Amino acid sequence: MKRSVLTSMPLVVLCCIALLPTAWAQVGVGAKPVAGAEVFFDGTRQMLDEKWTYWDGPRLSTTLPIKWFLVKDPVDGDQTQPDRTRPGMVLNTNDPAAAGGKYGAADIVTKKQFKDCRVHIEFLIQKPGGNSGVYLQSRYEIQVLDGDTTKHGMGAVINESPSPYAAYTGLGKWNAYDIVFRAARFENGKRTEPARITLYFNGKKAHTNFPINQVWGGANSGIDGGNDDGKGITDTPGGLKLQAEGHDVLYRNIWIQPLELKTANTDF
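Positions in the sequence shown are counted from 1; adding 85 to them yields the working numbering.
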């Protein structure tokens, strides 16, 4: 009688297969916080006010309290998870101060700042052309933009990488970014290594250890955006920033794990 495929495999292969479900369970929609991670949005107004504030850029046009508002999750609104990462309420970016695409007028940012880190965040775009953005260190934008497949489009390291648009699930559905980010390195105030990122988009690897060269969009977009046309990167830490552009883009299940990456490798 023939042995089964599994029983005929070397032990090391079987061990690797056994580990795969655990690794993959930690990326994609619904991923739970890994050990050492901190939840930054659990669907409650209390956590929004405790852990976030407006980004104090040159175009800031509003005041606290945050005018982003909580709405019922249009997909899972009747489901409350025991760990409270998805309690049925989600965050809408449509702050009146950002109407008409006025980015930087009402962006929000975590009060805690980060260098190297792992980030999980989920978003849903409700209408065609919906636009927001996820900024690492309040500098480097990972685009959230329905309908754009260019280097300025969905899932791109904005203006630098291709858009992994095929991984996008479309309007009215939840999407997830899972990111490992390594901040730029400096010696005597001079940048010696660029920031790097590995990103999974809905569980599919989209960018692998991708170097990020600059901040795009000018001073209104992010830290150092006004320094040497975005190329004058400094060692100032920054928080996770979410962009408001006057669109109904929703966020939920946001958690961040601080890391210390000794080598220039973000792959996971």
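No lab work stands behind these hints: they were computed from the structure.
There's no promise every hint is true.
As the list claims (entries may be wrong) - Cross-link-like lysine-lysine pairs, in silico, BS3-like; alpha carbons within 25 Å at most:
1. LYS200 - LYS275
2. LYS275 - LYS157
3. LYS152 - LYS212
4. LYS236 - LYS258
5. LYS258 - LYS275
6. LYS187 - LYS316
7. LYS236 - LYS136
8. LYS117 - LYS316
9. LYS117 - LYS275
10. LYS258 - LYS152
11. LYS136 - LYS117
12. LYS347 - LYS275
13. LYS347 - LYS290
14. LYS196 - LYS236
Source: prediction; values computed, not measured.
Status of the hints after comparison with the structure:
1. LYS200 - LYS275: holds (16 Å)
2. LYS275 - LYS157: Violated, at roughly 46 Å.
3. LYS152 - LYS212: holds (20 Å)
4. LYS236 - LYS258: holds (22 Å)
5. LYS258 - LYS275: violated (43 Å)
6. LYS187 - LYS316: Holds, at about 23 Å.
7. LYS236 - LYS136: Between LYS236 and LYS136 the Cα gap is close to 31 Å, so the pair fails against 25 Å, i.e. violated.
8. LYS117 - LYS316: Not OK: LYS117 and LYS316 at ~35 Å, beyond 25 Å, violated.
9. LYS117 - LYS275: Violated. LYS117 to LYS275 sits at ~37 Å, over the 25 Å cutoff.
10. LYS258 - LYS152: holds (24 Å)
11. LYS136 - LYS117: holds (19 Å)
12. LYS347 - LYS275: Cα-Cα ~18 Å, so holds.
13. LYS347 - LYS290: Holds, at roughly 22 Å.
14. LYS196 - LYS236: violated (30 Å)
In summary, the numbered hints that this structure violates are 2, 5, 7, 8, 9, 14.
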